[in-house]
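In the order they appear, the protein sequences are chains D and U. Remember, the numbering used here sits 83 above the position in the first sequence when you count from 1. Remember, the numbering used here sits 1 above the position in the second sequence when you count from 1.
Please note that a few of the clues may not be correct.
Computed cross-link-like contacts, PhoX-like style, restricted to lysine-lysine with a CA-CA straight-line distance of at most 25 angstroms [stated by the list, open to error]:
hint, chain 1, residue 1, chain 2, residue 2
1, U, Lys184, D, Lys203
2, D, Lys434, D, Lys232
3, D, Lys232, D, Lys442
4, U, Lys127, D, Lys554
5, U, Lys184, D, Lys554
6, U, Lys83, U, Lys127
7, D, Lys232, U, Lys209
8, D, Lys348, D, Lys196
9, D, Lys529, D, Lys348
10, D, Lys286, D, Lys531
11, U, Lys83, U, Lys32
Hints were generated in silico from the structure; no laboratory data involved.
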Amino acid sequence: MHEYEHYEAIVVGAGPGGAAAAAVLAQNDIETIVLERGVEPGSKNVSGGLIYAEESSPYTMDDLFPEFRKFATERPITEYKLHNISGKKTATFDLKGLHESDTEWCDSVLRRKMDSWLAKEVQGMTQETGGGLLNGIRVNGVLRDENGKIEGVTCDEIDPITADVVIAADGVTSELARSSGLMNWERPEEWFQGVKVVVDLPKVDNIFGLEPDTGIAHLFSGDLFDGVRGGGFLYTNRESLSIGTVFHLDSIMEKEAETQELLNKLITHPLLGQWIDEEYCELEYSAKLVPDSKKAANPTPHLDRLLLVGDAGGQMQAQGPIIKGMNHAVTAGALASEAFVEMRERGSIDKTGERYELKLRQTGVMNKLRPPMYSVVKAIGENKVATAIVDGLITSPIGRGAIRVIGNKMEKLYNIPILSMAIPDTSTPYVTLPTVIGEELGTVIKSKNSVKPPGLAERISKLSYDTDIGKPHIKLIDNSYADSGGAVTACPVSAVGFGGGCYRVEEVEIDGKIEFRVSLDTQPCIECGTCAVVAKTEWNNPRGNKGVEFRHG
Amino acid sequence: MEADTRVMDNNSSDIDIVVLTKGVPDFREGKVSFDEHGHLERGKTPTVMNPNDRFALKAALQTKVRSGGKITVMSMGPPGYKEILQEAMNIYADDLYLLSDREMAAADTWATSITICTAIEKLDPKPDIIFAGFKTADGETGHTGPQTSWALQWPIITHVVSIDVNLDEKKITAKRLVQGDIKEVETVEVELPCFVIPDPEFEAEYPKASHRLRLQNLTEETRERAISYEETLTMWDHKELNLDPDYIGLDGSPTIVGRVDPIPKAPAEREATIINFKSKKEMEEVLGVMAPFAGED
Ligand SMILES: Cc1cc2nc3c(=O)[nH]c(=O)nc-3n(C[C@H](O)[C@H](O)[C@H](O)COP(=O)(O)OP(=O)(O)OC[C@H]3O[C@@H](n4cnc5c(N)ncnc54)[C@H](O)[C@@H]3O)c2cc1C
Ligand code: SF4
């Protein structure tokens with residue numbers, strides 16, 4: 084039998100979920116070690132990102148890190164607009180009501196800056212407990228005792244570690260969640276894919292008419308994305324913009340959409356010409372899978388001593404156009420630690436998981452993640468026939484007439500939080516309705532857009548990589564086009580006909596017949612996780628410090 | 002069994018470690034300055050810590066992280082070497098010693114070894130391990146280490162690529178490159194006290210989480226300490242070491258440098274013969290030379 088090092092608590096991942104978990108543990112004097120695979124927390128992470136502090140939430144970021152807003156964020160977001168686009172027309176709704184509902188504050192963030200600031204705080208706090216935060220350590224699986232029960236983690240760089248509790252806050256590509264069997268990567272319909280660019284814009288204030296303590300979020304939906312279900316965003320940072328898209332992965336697959344081209348459709352749309360011009364300069368291109376909590380959130384996110392928090396447990400809520408992942412990761416991380424503290428006091432640490440699950444329910448978090456109403460909507464509305472009928476109705480003269488009559492009351496409807504929580508996952512809310520609204524209520528867009536976005540090769544060349552030469556972190560198990568071909572378009576750094584990306588299609592002659600085969604080169608990989616779902620792979624994160632390093636995130 | 006570093010007291014001095022370091026001209030492109038004859042211009046070239054001493058410091062730090070103890074960094078040279086010691090402290094040092102005065106100047110490796118040996122014997126407590134860099138970038142003799150260990154009558158292990166200290170048995174197990182050859186590695190076990198010269202291939206190993214945490218803390222501490230490094234610096238001159246000026250410095254140096262050659266340009270590794278590609282005969286000769294490399298047919 085091995086004698087492994089033991090800590091009271093292990094936290095895997097130093098994103099918002101891990102930072103919150105570590106803070107609560109450290110405040111309670113629990114010896115805590117935080118393991119992060121990046122060279123620094125934030126170097127692997129991508130968000131849109133607006134971080135919300137919800138009034139109804141038991142924990143917000145500034146509860147745990149009082150100086151968070153002062154040092155870690157970009158600017159408060161005080162305006163929120165949704166553009167319903169149809170061709171050259173747009174109808175803009177003011178969704179401030181929805182944005183402010185249950186919101187204490189909301190700031191834009193860039194993840195490298197945010198997470199590395201949090202890391203310094205976490206480092207200090209956990210060091211006092213006898214633990215600390217280690218960068219460059221990749222956890223590669225769970226450690227089981229002789230009875231098969233999870234008792235710790237195994238890592239690439241160091242010997243296994245045991246603990247009384249393991250909090251997996253390792254994000255959407257969580258290897259702990261998969262190796263424990265609590266999550267899987269099988270169904271594209273459970274995921275979104277988010278792709279974004281950070282654009283240099285020192286004159287944000289002038290261009291958007293902002294003060295340093297105000298900021299704006301613009302959201303985009305309608306017919307600009309070739310019918311792919313999802314939408315676009317533009318958020319103001321201090322001296323830059325975050326522009327991106329979030330689409331349902333199953334829709335990307337169904338339409339065989341090139342995701343970076345969908346993003347380009349947004350960047351080059353005339354509507355954006357009022358803010359960006361030919362001086363357009365991208366600082367960074369990035370992407371990540373995003374769980375759709377309505378389907379992916381595990382209602383019992385624990386097994387033995389392992390607790391999943393944040394994206395690792397699928398706890399990422401799409402509330403209409405509002406994306407709430409970071410805030411839920413914070414709440415869940417804190418609740419998981421709180422559960423451990425309580426159970427440790429009672430001498431029954433084995434009940435920590437159950438306690439955590441109970442807390443997620445009692446505090447209403449699970450109801451936000453998996454709204455009960457959604458199951459009703461899903462049952463009635465999420466099928467092809469119903470969608471066709473509703474879409475048909477909306478686009479019919481009657482539907483159009485109704486939308487004209489409802490007019491600006493539509494804006495009010497969009498501002499009702501409970502409705503936004505239970506939007507069916509069909510083309511209706513993402514494409515059909517906004518398009519008809521744009522057509523019927525919209526005005527013609529006057530601005531022109533002269534931006535020429537860089538190609539994939541240039542976007543990739545601007546990223547920093549520390550490649551683990553000779554040790555690809557993803558292995559293609561099946562190279563047939565039928566099983567893995569979808570990755571060529573869905574991978575954000577690959578495209579049909581582009582030779583410099585990860586996935587490529589090659590023609591090979593087999594028994595005199597020409598067949599398509601898929602090949603993979605992981606060098607340009609940005610570790611988004613998409614191909615784990617859409618291709619047949621053996622998907623792992625690169626070992627500590629290796630792979631892509633985001634500077635903005 | 003390795004000591005459980007997690008319960009180890011930060012100030013415990015289970016093992017006393019000395020690292021020897023020295024300043025050398027900064028030979029990096031853009032820093033180094035030569036006169037028209039190709040001789041080094043010492044005055045115009047900044048002095049830096051001998052690059053190979055980094056491996057000695059890393060080996061010392063690994064020992065401290067994994068077994069506890071105290072690291073003393075020692076150098077002999079002009080007062081300007083204080084900054085070399087600061088550079089060393091940025092990697093790791095608990096305290097610093099500089100052996101410096103006029104009488105010690107212009108010492109060869111022999112006189113240097115005698116001086117250092119005397120200083121080491123004066124240390125209290127006496128060290129268990131001394132680490133030194135693998136030959137310096139200026140002299141390239143590689144003598145000082147072995148001569149010092151001889152003067153101390155200690156065993157020496159050279160070309161070390163990994164070490165493991167066993168405190169209970171007062172032993173050190175080291176992997177070393179045989180003849181400095183990367184392909185042949187031997188494992189040796191030596192009793193403490195002992196002299197260790199890490200090879201540039203040396204890699205510090207920190208297999209436990211606690212090692213990494215401790216490494217992080219110690220690195221943070223030493224960087225902090227290095228800012229006001231003079232507080233931990235002790236200067237010793239020949240009087241304090243009770244050394245006769247006739248046996249140290251230039252007077253105590255038997256080595257006579259016959260001549261200093263300018264650093265030659267690196268020779269081309271391949272020889273080239275110019276041929277006329279239009280001449281059939283000459284081309285055939287080339288093909289004849291190449292044919293054996295082209296495989297069977
Ligand atoms: C384009 C896009 C836009 C988004 N917009 C928003 C938004 O506006 N607002 C919002 O709230 N959310 C948004 N999200 C979602 C949000 O980013 C996530 O929900 C959130 O980051 C989840 O936090 P987390 O702590 O669970 O995981 P992460 O933030 O992903 O952190 C996981 C950490 O674990 C580390 N890690 C991973 N694996 C290992 C391992 N094996 N070993 C060691 N360490 C490991 C990672 O390096 C990382 O630091 C967006 C996401 C995307 C992609
Ligand atoms: S190879 Fe896979 S994980 Fe990497 S960027 Fe492409 S889709 Fe994402």
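Hint-by-hint comparison with the structure:
no., hint, verdict
1, U:Lys184 <-> D:Lys203, "43 angstroms, violated"
2, D:Lys434 <-> D:Lys232, "14 angstroms, holds"
3, D:Lys232 <-> D:Lys442, "23 angstroms, holds"
4, U:Lys127 <-> D:Lys554, "47 angstroms, violated"
5, U:Lys184 <-> D:Lys554, "23 angstroms, holds"
6, U:Lys83 <-> U:Lys127, "23 angstroms, holds"
7, D:Lys232 <-> U:Lys209, "22 angstroms, holds"
8, D:Lys348 <-> D:Lys196, "28 angstroms, violated"
9, D:Lys529 <-> D:Lys348, "17 angstroms, holds"
10, D:Lys286 <-> D:Lys531, "19 angstroms, holds"
11, U:Lys83 <-> U:Lys32, "20 angstroms, holds"
When each numbered hint is compared with the structure, violations occur for hints 1, 4, 8.
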